[in-house]
Amino acid sequence: MYFANKTTKTNIVLTEIVLIIGLSLTKTLYICVMDFNKDTAKKTAAHLLQIKAIKLSPKEPFTWASGWKSPIYCDNRVTLSYVPVRNFLKEEIAKLVIAKHGKPDVIAGVATGAIAIGMLVAQELGVPFIYVRPEAKKHGRKNQIEGHLESGQNVVVIEDLISTGTSSLNAVKALKEANATVKGMIAIFSYGFQIASDNFKKDNIELTTLSNYEHLLEQALESKYITSQELRMLEQWRIAPSEWKQNEK
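In the UniProt record's numbering, the protein residues as written are 1 to 249.
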C-alpha cells in the first residue's frame, strides 16, 4: 500500500498505523484559528496537486521572505493557467465572501499573488476591485492602494497564501489607514502556523481559507504525490519550520 517494499500484512498494518498517527499529529498541530469547509479543503488540495502547484525540494529547500528554509512550496499562481481550477477557486471564494461577510462594497487583492484571483472574485460578485502593494510606490502617484476606495467602505481582502500572515496584515493595515472597514480575509491556502494565528488575533481579523496543510498532506499521500518518508519529513518541518534546516544538517 504505502510502502512498496513492505509485503506482509503485518508490516502494511503497522505502516498504516504510523501514517495515521502522523496525520493526527498534523491535525493537533494545526492550531491556527482559520475556518474552512472540509469538503472544499479536500477538493482545493486535490486541484493544487493535480496541476503540480505543490513543489517539493528537500535537498535544495526554498527560502521564504521570512528567512525560513522550506522543503515545500505552494505556487498558487499556477492555478491561473488552468481554467477549471481557476473557476473553482473563484466560485468557492465568492461563496465564502457572501457566507462570512455578506456582499462587500469592494474586494481587495494583496499584491502580487492575489491580484488576479481577487479580480476574478470581484467580477463574480459584481463589485469593484482594488489591490494593495507591500508599500507605497516611490514614483508617480506614490500609491500603496491601487483603484478607487471611498472612506468607510466595507472591504473583504483576498490572499493567495498565508504563511506568517505578516504581508497579508500589512495590506489590512494600509486599508484601515485609508479609513476602509475590513470585514475579513479569505485565502486559498494556509500552512496553519501558530505565528499566523497570533498575528491575526492581534489585529482582530477573521481569516477563512479554502484549504490547509493538513488536507494537503492527506491528499498528497492518498494520490501518491508524496511517499511515506516525505510525509514524515514534511510533518517534522511543520513542527518547527524556523529550525528545520538546522535539524537537517
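A portion of the hints provided could be inaccurate.
[Claimed, not checked] Straight-line alpha carbon distances no greater than 25 Å define the calculated SDA-like cross-link-like pairs of lysine to any residue that follow:
hint, residue 1, residue 2
1, Lys69, Phe88
2, Lys52, Lys224
3, Lys42, Ala99
4, Lys103, Ile145
5, Lys137, Lys103
I should point out that these hints are in silico values taken from the structure, not numbers from a laboratory. Quantities reported herein were computed from a predicted structural model and do not represent experimental measurements.
Here is how each hint holds up against the structure:
The suggested pairing of lysine 69 with phenylalanine 88 is violated, with an alpha-carbon distance near 31 Å, which exceeds 25 Å. With a CA separation close to 13 Å, the supplied pair lysine 52 and lysine 224 stays within the 25 Å bound. Our distance criterion of 25 Å between C-alpha atoms is met by lysine 42 and alanine 99, whose separation comes to about 19 Å. With a C-alpha separation of about 21 Å, the suggested pairing of lysine 103 with isoleucine 145 holds against the 25 Å cut-off.
About 30 Å separates the Cα atoms of lysine 137 and lysine 103, which puts this hinted pair outside 25 Å; it is violated.
Violated hints, listed in ascending order, are 1, 5; each of the other numbered hints is respected by the structure.
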